[in-house]
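Read top to bottom, the protein sequences are chains A and B. All residue numbers for the first sequence refer to the working numbering, where the first residue is 1 and numbers rise by one. All residue numbers for the second sequence refer to the working numbering, where the first residue is 1 and numbers rise by one.
Just so you know, not all the hints are guaranteed correct.
Said to hold, decoys possible - Only pairs whose alpha carbons sit at most 30 Å apart, straight line, appear in this in silico BS3-like list of lysine-lysine:
no., chain 1, residue 1, chain 2, residue 2
1, B, LYS201, B, LYS21
2, B, LYS234, B, LYS201
3, B, LYS381, A, LYS11
4, A, LYS73, B, LYS381
5, A, LYS11, B, LYS242
6, B, LYS212, A, LYS21
7, B, LYS300, B, LYS381
8, B, LYS234, A, LYS21
9, A, LYS11, B, LYS212
Unchecked claim - Far from chain A by the CB rule (all over 12 Å, computed), these chain B residues:
no., residue
10, LYS42
11, HIS92
12, LEU164
13, ILE202
14, GLU238
15, ALA240
16, ASN318
17, ILE342
18, GLU349
19, VAL396
FYI, nobody ran anything at the bench for these hints, they're computed from the structure. A virtual CB, placed ideally from N, CA and C, is assigned to each residue, including glycine.
Each chain, written out:
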Amino acid sequence: MSKKQVERGWKSIPIGGVCWKSSEDYLTGDWRSNRPILDLDKCTSCLLCHIYCPDSSISWDGKKITINYDYCKGCGICAKECPVSAIEMIKE
Amino acid sequence: MNVKQKMVGINGDEAAAYALKQCNVDLLSAYPITPQTIIVEKFSEYVANGEVETEFVTVESEHSAMSVCIGGAAAGGRVCTATASAGLALMHEMVFIAASHRLPIVMTVASRALSGPINIHPDHSDSMAERDSSWIQLYAENPQEVYDTVIQAFKIAEDPTVQLPCMVMFDGFIVSHTLQNVSVLPDNVVAKFVGQRRIPKINVMGRETEYKLDVENPITMGPLALFDYYFEHKRQQEEAIKNAKQIICDVNDEFAQVSGRKYGNGLLQQYGFEDAELSIICLGSTAGTIRTVIEEYRTKGIKVGVIRLKTFRPFPENELKTALRNVKAVAVLDRSGGYGAIGGPVFNELRSILYDCKERPFIVNYIYGLGGRDVTPKLIKKVYEDLRNIVKTGQVKENVKFLGVR
């Protein structure tokens, strides 16, 4: 799960509901109810999951695929698109 | 050091348009509706004649008018609109968004009854339906005050400690369509008084930036805030509208220095005996009728008075408590109903603040003038006579009465 975020009070946030931090600082991983689990033995590094992920939570470092659970909302598109069924969705 | 002023014969709507013209508004977007129409008609003349540099956006509904205003104000412009009745009701959703975005839009409202039955005449049901929208709500009594209040509204709304939209109400037809001699300030004096639109600074991603949409310094306005931050933003709005109270008083004083005209302390205006024992509280043009009745009572030596609430939001709690300190009985005149509630909105708020007072006056509510039903001096006399009777008998038989209904 994502790290615990410190919530600010009404005196220290900008007016008008403006976003005061980058979306990178807003960890959306705790929205997730289903978690994608990647089986690297089955993975062929085709990168379809990396392309399809709507939250840019699947990265490729040139060697292997990594899922970033700080931002993954558990939509399951990666598991659906994986041609070799290397991603399984499990309940959080 | 009052400046030389010109006297012009104009009605309330034209007075509003004239003030808007002098405030160097960047954008006006509105949809025509009786009895506000003259404001926008007159303003479109100014645009056509090249007297203003305002971007005039015609739209297909009031919902769109307020949406356009929100966009314009978010981009850093000084923005205004005008509406009434059903138009204000159609704006309802965007009215709340304008306030929560903290955009100092000024809206003139020629008060008109909400349908149904359909009606074009004045009552306060339209603006009272928006009383919890966190807009500042100012009620003017006559065309002169409309002119003065619209100018003040920009200065109040744009104050860095406030940054909230402001609506200026005046009774439809009674004020909007009635000619009066109105003293107007020179253009340059008004321009100097309102100054440039002030943009607040906010802290975003660790750096200070202006609170406006700017491609060079992008910020996100109007994002989702769920149970985690919505509440904090609403709390901020409450603080801002509380701050507005002092600013309204200050701007009222500053305006008096420039124009020589002052409306009480900006929050409420009292008339009659200093030590009045019987008092009426009302909004808008009815105060004029009450004053003529007070003059009759003055000759009889009966100590009556009237408190006109110029500012309904923020509600002037302490000022009202002070004003009612020595009053024995008070009648609250509400020009809008409180269906299913115990009386109208002004009555409810007033009775609520009096709960804290150890000694409090008898209080009675009159719903009156709905849909433009005439309020005559005779009816006002009836109210004062009722108050005398309440003090004499020491009891209020009926909390909420309907004045002038058949």
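Status of each hint after checking the structure:
| no. | hint | in the structure |
| --- | --- | --- |
| 1 | LYS201/B with LYS21/B | holds (28 Å) |
| 2 | LYS234/B with LYS201/B | holds (19 Å) |
| 3 | LYS381/B with LYS11/A | violated (50 Å) |
| 4 | LYS73/A with LYS381/B | violated (69 Å) |
| 5 | LYS11/A with LYS242/B | holds (14 Å) |
| 6 | LYS212/B with LYS21/A | holds (16 Å) |
| 7 | LYS300/B with LYS381/B | holds (13 Å) |
| 8 | LYS234/B with LYS21/A | holds (19 Å) |
| 9 | LYS11/A with LYS212/B | holds (20 Å) |
| 10 | LYS42 | holds (32 Å) |
| 11 | HIS92 | holds (19 Å) |
| 12 | LEU164 | violated (10 Å) |
| 13 | ILE202 | violated (4 Å) |
| 14 | GLU238 | violated (9 Å) |
| 15 | ALA240 | violated (8 Å) |
| 16 | ASN318 | holds (23 Å) |
| 17 | ILE342 | holds (32 Å) |
| 18 | GLU349 | holds (24 Å) |
| 19 | VAL396 | holds (41 Å) |
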